[in-house]
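Q: Below, each chain spelled out in residue letters.
There are 2 protein chains.
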Amino acid sequence: MPREITAYSNPLVKRVRALREKRHRREEGLFLAEGLRIVAEAEEAGRLPRYIFHAREMRDHPLLRRIANACEAAGGEAVETTADILGKLSGKDNPQTVLGVYDEFETDLAALDRGASGIWLVAQALRDPGNLGTMLRTGDAVGAGGLILVDECVDPFSLEAVRASMGAVFTQAIARASWAEFIGWLRAGPGTLVALSLRTEIDYREPTYPAPTFLLVGNEARGLPAEYEDACDLRVKLPMRGKADSLNAAVATAVMAYTVLSLAV
Amino acid sequence: MPREITAYSNPLVKRVRALREKRHRREEGLFLAEGLRIVAEAEEAGRLPRYIFHAREMRDHPLLRRIANACEAAGGEAVETTADILGKLSGKDNPQTVLGVYDEFETDLAALDRGASGIWLVAQALRDPGNLGTMLRTGDAVGAGGLILVDECVDPFSLEAVRASMGAVFTQAIARASWAEFIGWLRAGPGTLVALSLRTEIDYREPTYPAPTFLLVGNEARGLPAEYEDACDLRVKLPMRGKADSLNAAVATAVMAYTVLSLAV
Numbered sequence: 010m011p012r013e014i015t016a017y018s019n020p021l022v023k024r025v026r027a028l029r030e031k032r033h034r035r036e037e038g039l040f041l042a043e044g045l046r047i048v049a050e051a052e053e054a055g056r057l058p059r060y061i062f063h064a065r066e067m068r069d070h071p072l073l074r075r076i077a078n079a080c081e082a083a084g085g086e087a088v089e090t091t092a093d094i095l096g097k098l099s100g101k102d103n104p105q106t107v108l109g110v111y112d113e114f115e116t117d118l119a120a121l122d123r124g125a126s127g128i129w130l131v132a133q134a135l136r137d138p139g140n141l142g143t144m145l146r147t148g149d150a151v152g153a154g155g156l157i158l159v160d161e162c163v164d165p166f167s168l169e170a171v172r173a174s175m176g177a178v179f180t181q182a183i184a185r186a187s188w189a190e191f192i193g194w195l196r197a198g199p200g201t202l203v204a205l206s207l208r209t210e211i212d213y214r215e216p217t218y219p220a221p222t223f224l225l226v227g228n229e230a231r232g233l234p235a236e237y238e239d240a241c242d243l244r245v246k247l248p249m250r251g252k253a254d255s256l257n258a259a260v261a262t263a264v265m266a267y268t269v270l271s272l273a274v
Numbered sequence: 010m011p012r013e014i015t016a017y018s019n020p021l022v023k024r025v026r027a028l029r030e031k032r033h034r035r036e037e038g039l040f041l042a043e044g045l046r047i048v049a050e051a052e053e054a055g056r057l058p059r060y061i062f063h064a065r066e067m068r069d070h071p072l073l074r075r076i077a078n079a080c081e082a083a084g085g086e087a088v089e090t091t092a093d094i095l096g097k098l099s100g101k102d103n104p105q106t107v108l109g110v111y112d113e114f115e116t117d118l119a120a121l122d123r124g125a126s127g128i129w130l131v132a133q134a135l136r137d138p139g140n141l142g143t144m145l146r147t148g149d150a151v152g153a154g155g156l157i158l159v160d161e162c163v164d165p166f167s168l169e170a171v172r173a174s175m176g177a178v179f180t181q182a183i184a185r186a187s188w189a190e191f192i193g194w195l196r197a198g199p200g201t202l203v204a205l206s207l208r209t210e211i212d213y214r215e216p217t218y219p220a221p222t223f224l225l226v227g228n229e230a231r232g233l234p235a236e237y238e239d240a241c242d243l244r245v246k247l248p249m250r251g252k253a254d255s256l257n258a259a260v261a262t263a264v265m266a267y268t269v270l271s272l273a274v
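Sequence lines, in order, name chains A and B. Following our numbering, the numbering of the first sequence begins with 10 at its first residue and continues without gaps. Following our numbering, the numbering of the second sequence begins with 10 at its first residue and continues without gaps.
Treat the hints as calculated values from the structure; they're not laboratory data. Honestly, I wouldn't trust all of these hints.
Pairs count within a copy or across copies, as identical chains cannot be separated in the list.
[What the hints assert, rightly or not] Once the Cα atoms are required to be at most 27 Å apart in a straight line, the calculated DSSO-like pairs of lysine-lysine come out as:
| hint | residue 1 | residue 2 |
| --- | --- | --- |
| 1 | K31 | K97 |
| 2 | K23 | K97 |
| 3 | K101 | K31 |
| 4 | K23 | K252 |
Work out the full structure, taking the sequences as your base and the hints as a guide.
A: Below is the structure:
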């Protein structure tokens, strides 16, 4: 049976609410995911929450019940609470009725199996959590192996990134590495590194993309450092027919990812 | 010479700050755009601000100077102010050093010239201002004629939408219409209406896309109403190879838009 918490001053509520900050996530090794849909996606991917908070009206929802029971059977805790507290945990005025607290995953390059997919997404110095989450979601849609975060990127376990990923944070592998670590790892095995660049004349639909292709996209404002682009096997550009010369980073990644799917060899 | 404002209690500061709310934008017919880059893009598109706020350190910046002078010559006003006030106007901790206040544009379907481009983006019941702005930015990149907002969509003049558009709010035509108005207008001239759908077996790369193609994307959570899809000339889907069955709305639009560019006839 779930414990009931209705007081905002409850220590667990305070602790979970603090997970909206990166510092507390690092200390606890935990992160938040909102919504029954995402919590169900997590369960399907073999991830049970350590804590699962739900609104009273969800008490008898069969899927929620099943996941809450599994959570408790695995040593976790289910908590029935108010809409007000759910809003305070997620920082939203109209909170979801379910919120899960999960162990952060390992994000070691060494744990990746590059043969698992013909396409991998690689982001360098990514700043926007919405872009990061959207890349995970796109990665799931194209059947990518996962997302590799190079250099200092925004936290993939932030509430905004998890939200934008629509659950793909649980289904896509995630690795974090410096550029040196990444390029060392990449060159130790098969893989074509393709940079999305503004400094090339090669149209993105010209090449074929041998599997596994690693699709590298740079920082939202600055793009990729020139020396990173130079270290790639291929630099391609998307045509720009307008006044501006760039696309949103997650959008450019998705256009490329679908193209790699089409032109894979 | 620019007026100097350093007091947060200044009536103009209060008035401009209020433009972050839709209600005040509607009352005043004005909206905000941050950053010299976007303000310069606006000027290039023939739009001068009614007010232009800038930090003291920008006082002698040639581009800022030129736009501020043009603004004043056209009856507008340039205001030199503090980083603190710029932050309060934009709601950001690290505000841009330039902020423009612009007249909202006409958004009548009747004003669109459908022959101006082979591709138009159409969004229905869009909810996220970041998605809307990203669609405008993508529209600019693919050389779209503009973005048509069908039914009740988020405000294209919101600060978040303008920010995500990276200036494309000034270069893309924007129209707002009910579904009945839109479909009536569309069928009164040439145009192929293509729905991005989950309820079709036609892969997005199978058809050709006669110009002008109108690319219709639905609400982030619900997609398009079935009767809207039925009214389209073509329904296509993007392959989904993952656990989830959807992409971010702005991402899906962009993948489609680049495909229409490639497969246009």
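Q: All hints are to be evaluated individually against the structure, with a verdict given for each.
A: Here is what the structure says about each hint:
For the identical chains of this complex, K31 and K97 are neighbours both inside a copy (17 Å) and across copies (25 Å), given an alpha-carbon limit of 27 Å. In this assembly of identical chains, the alpha carbons of K23 and K97 lie at most 27 Å apart only when taken from the same copy (9 Å versus 29 Å across copies). Taking the shortest alpha-carbon separations for K101 and K31, both the intra-copy value of 18 Å and the inter-copy value of 19 Å come in at or below 27 Å. In this assembly of identical chains, K23 and K252 lie within 27 Å of each other by CA distance neither inside one copy nor across copies; the values are 48 Å within and 33 Å between.
Hint 4 alone, counting from the list given before, is not met by this structure.
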